[in-house]
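Place chain B on chain A using the hints.
Just so you know, the protein sequences line up as chains A and B, in that order.
Okay, so the first sequence: first residue is -16 according to my numbering, each after it adds one.
Okay, so the second sequence: first residue is 6 according to my numbering, each after it adds one.
Source of the hints: derived by calculation from the structure; they are not laboratory data.
Where hints are given, some of them may not hold.
No more than 25 Å apart at the CA atoms, straight line, and that leaves these computed lysine-lysine pairs for PhoX-like [what the hints assert, rightly or not]: (1) B/K34 x B/K24; (2) B/K144 x A/K1; (3) B/K144 x A/K0; (4) B/K142 x A/K2.
Residues of chain A placed beyond 10 Å of chain B at every Cβ, according to the derived structure [stated by the list, open to error]: (5) I10; (6) M23; (7) N43; (8) L52; (9) Q182.
Just so you know, even glycine gets a beta-carbon here, dropped at the ideal spot from N, CA and C.
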Amino acid sequence: MANLLALVQNETIKVWKKKRFAVVVLILLILIPVFVYAQMKIAQNSAEKFKGDWRAELQNRITDNTRALGSDRIPEEWKKWRRALVQQLQYYLDHDINPQTPNAVTFTRGFMDNAVTLFIPLMVLAIASDLVSGERSTGTIKMLLTRPVRRWRILFSKLVTLTLYVSLIIVSTVVLCYLISGLVFGYRGWGEPIFVGFQVSGADVNTSAVHAIPQYLYVLMQAGLIWFASMTVAILALMVSVLVRSTAASFVTMMAAIIAGAILTNMASSWHSAKYLFNVNLELTSYLQGTPPPIEGMTLGFSLCVLGLWALAGLVVSFAVFTKQDILN
Amino acid sequence: MSTNTPKAQETVLSVQGLKKSIGRKEIIKGVSFDVRAGEIFGFLGPNGSGKTTTIRMLVDLIKPTSGRILVCGEDVNRNPERALRHVGCIVENPEMYGYLTGWENLEHFARMQEGITAERIAEVVEIVGMDRRIHDKVKTYSLGMRQRLGIAQALLGKPKLLILDEPTNGLDPLGIKELRAFIRRLADGGMSLFISSHLLSEIQLMCDRVAIIARGEVIAVGDVDELVSQADTYTVWLLDRPEAGKAMLEADPGVRLIGEHEHRIDDSILAGMPEAIITVMEEDRIAGTVARFVGAGIGVKAVQRVSPSLEELFLGLTEGEKIG
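Chain A with its partners taken away, still in its complex shape (with noise of 0.2 Å):
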């Protein structure tokens, strides 16, 4: 009859000194330099390549834009995303901000995009892979429900503190990728506008719902849609990690499955019916970014439903298994 928050309380404890988390930075610290290095390299070549005066440049970029506005030639939804790039143009060139160079906030963005599909998943399953697999193949499940403490508590105990850990994971993650970043790109760009509202439709990218948001409300929406692909990904782990006994065979077929997705969507596939797997819906960023999806009729909204009806399911199943099975070994 334990209280929740002491199970939950064990189960960060044991997160935490099993020094999983510590893992998770450590990997963190020594990848983002190494991306910021490789980043900084990108910066000089084009810095070399282009070196002409990048404010008359920008200016020459937003007077042409404004005289095609002025056009009849020109349909009405591309003007819309016109005036939004000649206003994106005008902040540059007002706050003094050379669009070539990056900063800490669009280092961080990049880099957050691109670890949607592995890296962050990846991270996420160091903790989740082995939350009941780890009980189960040192025994210690043993003494963990013999206690007086029913199943379904103890598993739902484990779910908030993987939440716990995902969240941290994504938190640490922005931070620590904009502290280093920034020690290189110097410590701003939060206020910088950035396009969001792009919306594809078959091969043609609707534009009329374009306009620009600042760069910091841009992070946290990304934030947040990273943290349901990891959610689902973390809920999906739990599952496999209460159906499989061994913790390597628990995070091999999660990495599987992951891994799969990436290349399906690479694929570019024709196959249709793939768009209803979790692992091709990670890529949630994308919606935002206005790239076209990888399979046709995908959107936020749909992508967003998959990975919900997954993580329910997984849900589902996890409790359904933990709290009847028994322990035979």
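Chain B alone, transformed into the frame defined by chain A:
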């Protein structure tokens, strides 16, 4: 005959018609017994007889196919959170979290039950005598220390019933002796203990009453000494003229000769005695037989009584069932 103590009537654990099938195979075919307050109850059976499966059902790790398990009147399967409050257990090995210290492990399990204070944790640490190493990581512990920590964990909630599964496994002789004394102390304090083993001698040394399980069925429940007396005790003869001696023994109607491959005496007992004659006979016939051997000029080098093994006990019990 400690079962006759008057206060030992309250039933702490009651197992009624327990059955378990996995797939189509029936593993446990009917297990029933009661454990009373303050007694040490042995659960004896060879490996693979269903001991561990039964124990796992007692603590809600495995759901029985049919039957009931009541701890202090609460159904373990329907109300695990109320029934298991009265139970402390170690199922097989005492596995704890190796990356936590002994103390952190105890704190972990204390949080899973209401009303266990830091004072109680310190108390159980003292009971099992672990004060010195309690703040070290469990992965540095020896098996004996893990065993102690496991018992400390089991005692946290002041249980009325302590379940220990093969507790002497892996302990050295001194450790086993200490454990026996410890178990007796707990029982004297009013706790019931349920101890499984595959060794008859261990149960004889530790327990008041015993349930014997074979092939998924309880074949006998009762006082340990009474049960043991039901099986044949061997008398082993070592004579200087074995052939003549054997003929004399064969002629005696009160003596049953046992062939070389029919007995189940441990090989170590018969080592170095290739000509030993194994018999089953009443204890009070031995002196007379010795006298007759001497009269016939047959020298008696040794006579030895050998207690039955667990297998012998089974045989005795199952034969008894057939006759009855």
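Cross-check of the supplied hints:
A hinted pair counts as satisfied when its Cα atoms are at most 25 Å apart, and B/K34 with B/K24 qualifies at roughly 5 Å. Distance restraint check for B/K144 and A/K1: the Cα-Cα separation of roughly 12 Å lies within the 25 Å cut-off, and the hinted pair is therefore satisfied. A threshold of 25 Å between alpha carbons decides the hint, and for B/K144 with A/K0 the separation of about 13 Å falls inside it, so the pair holds. With a C-alpha separation of about 14 Å, the suggested pairing of B/K142 with A/K2 holds against the 25 Å cut-off.
Listed as outside the interface, A/I10 is consistent with that label: its C-beta sits roughly 19 Å from the nearest C-beta of chain B, beyond the 10 Å cut-off. The claim that A/M23 is not at the interface with chain B holds, since no C-beta of that chain comes within 10 Å of its own (minimum 39 Å). Its beta-carbon lying about 62 Å from the closest one in chain B, A/N43 satisfies the requirement of being farther than 10 Å from that chain. Interface exclusion of A/L52 from chain B stands, the closest Cβ pair being 64 Å apart, more than 10 Å.
Chain B leaves A/Q182 outside its interface by the beta-carbon criterion, the shortest separation being 50 Å against a cut-off of 10 Å.
Consistency with the previously given hints is maintained throughout, with no hint failing.
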